[in-house]
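Chemist: Based on the provided sequences and hints, a complete structural model is requested.
Numbering (the working numbering), first residue to last: 2 to 223.
There is no bait here: all hints are sound.
Derived EDC-like pairs (lysine to aspartate or glutamate); straight-line CA-CA distance at most 20 Å: (1) K137 to E106; (2) K87 to E22; (3) K87 to E32; (4) K141 to E106; (5) K141 to E194; (6) K43 to D72; (7) K191 to D157; (8) K100 to D68; (9) K141 to E103; (10) K191 to E153; (11) K43 to E71; (12) K100 to E71; (13) K141 to E172; (14) K26 to E216; (15) K87 to D75; (16) K100 to D170; (17) K196 to E172; (18) K13 to E214; (19) K26 to D217; (20) K87 to E25; (21) K23 to D217; (22) K191 to D203; (23) K191 to D181; (24) K100 to E172; (25) K191 to D146; (26) K13 to E25; (27) K196 to E131; (28) K196 to E153; (29) K87 to E216; (30) K43 to E214; (31) K26 to E90; (32) K137 to D149; (33) K13 to E90.
So the derived label-pair ranges between C-beta atoms look like this: (34) F126 to G54: 18 to 26 Å; (35) Q74 to K137: 30 to 38 Å; (36) F126 to N180: 17 to 25 Å; (37) F14 to E71: 26 to 34 Å; (38) D187 to Q53: 18 to 26 Å.
I should point out that these hints are in silico values taken from the structure, not numbers from a laboratory. Every residue, glycine too, gets a C-beta built ideally from N, C-alpha and C.
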Amino acid sequence: MQEQFTAHLAMKFTPEWSRQEKKEKITAVQEVVSIFDSYEDKVGLRGTYVVQGFQGHTDVMLWMFGDRFEDIQDLQLAIRRSTFGKYIETPHAFTGITKPFEFSEHPTSFAVGMVPRRYLCFYPFIRTPEYYLLPKWERKALIGDHGDIGHEFVPDILTNGVYGFGLGDYEWLLTFETNDLGRLVDCVRKLRESKSRLYMQDEHPFIVGRYFELEDGLSQYV
2 MQEQFTAHLA
12 MKFTPEWSRQ
22 EKKEKITAVQ
32 EVVSIFDSYE
42 DKVGLRGTYV
52 VQGFQGHTDV
62 MLWMFGDRFE
72 DIQDLQLAIR
82 RSTFGKYIET
92 PHAFTGITKP
102 FEFSEHPTSF
112 AVGMVPRRYL
122 CFYPFIRTPE
132 YYLLPKWERK
142 ALIGDHGDIG
152 HEFVPDILTN
162 GVYGFGLGDY
172 EWLLTFETND
182 LGRLVDCVRK
192 LRESKSRLYM
202 QDEHPFIVGR
212 YFELEDGLSQ
222 YV
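Modeler: So this is what it looks like as structure tokens:
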């Protein structure tokens, strides 16, 4: 597996955004589109996700990926310096990296070119210290049980798991993609029955959003 960096950037519009003229907001959005266009050979955009109605702390989430973190960071800095950047806050930002999983050969969906789904469900998590002190065979059994439950929801749910160790506050970053929110609810609830849950320390925030192309997604708030 070729290693790639991922970035999930949660953005919240400031009150000043709503006080701007519509044409000014349109111009600001188009500037962001131009920034992404200028990085198209370096940074991919899996999707722009409108979070309205799911969480109050986030309006839009951008899901980016690239071979070099520097390119992803430079793109984000360009957004911060833009007119659009004056009107956003970033309550959450998560960086990860694709690596082969220890106990699974399940591919990360975006990395193998699977088409994005209508909805994203993203959450970071940390396992307890006790989990990592278990014998390897026991950890493998726990993850196998967890995976067997998840397989019940294939192909309705796409999974994307990346490593976050040392890149932020979380160890793992998980993104589900689906066209059916009902199936998402069923999947997440069913996974609560996995014995690996006994070793879950933290898994917040949950961020759910609806997929849009970049300009259309940002324009929902124009």
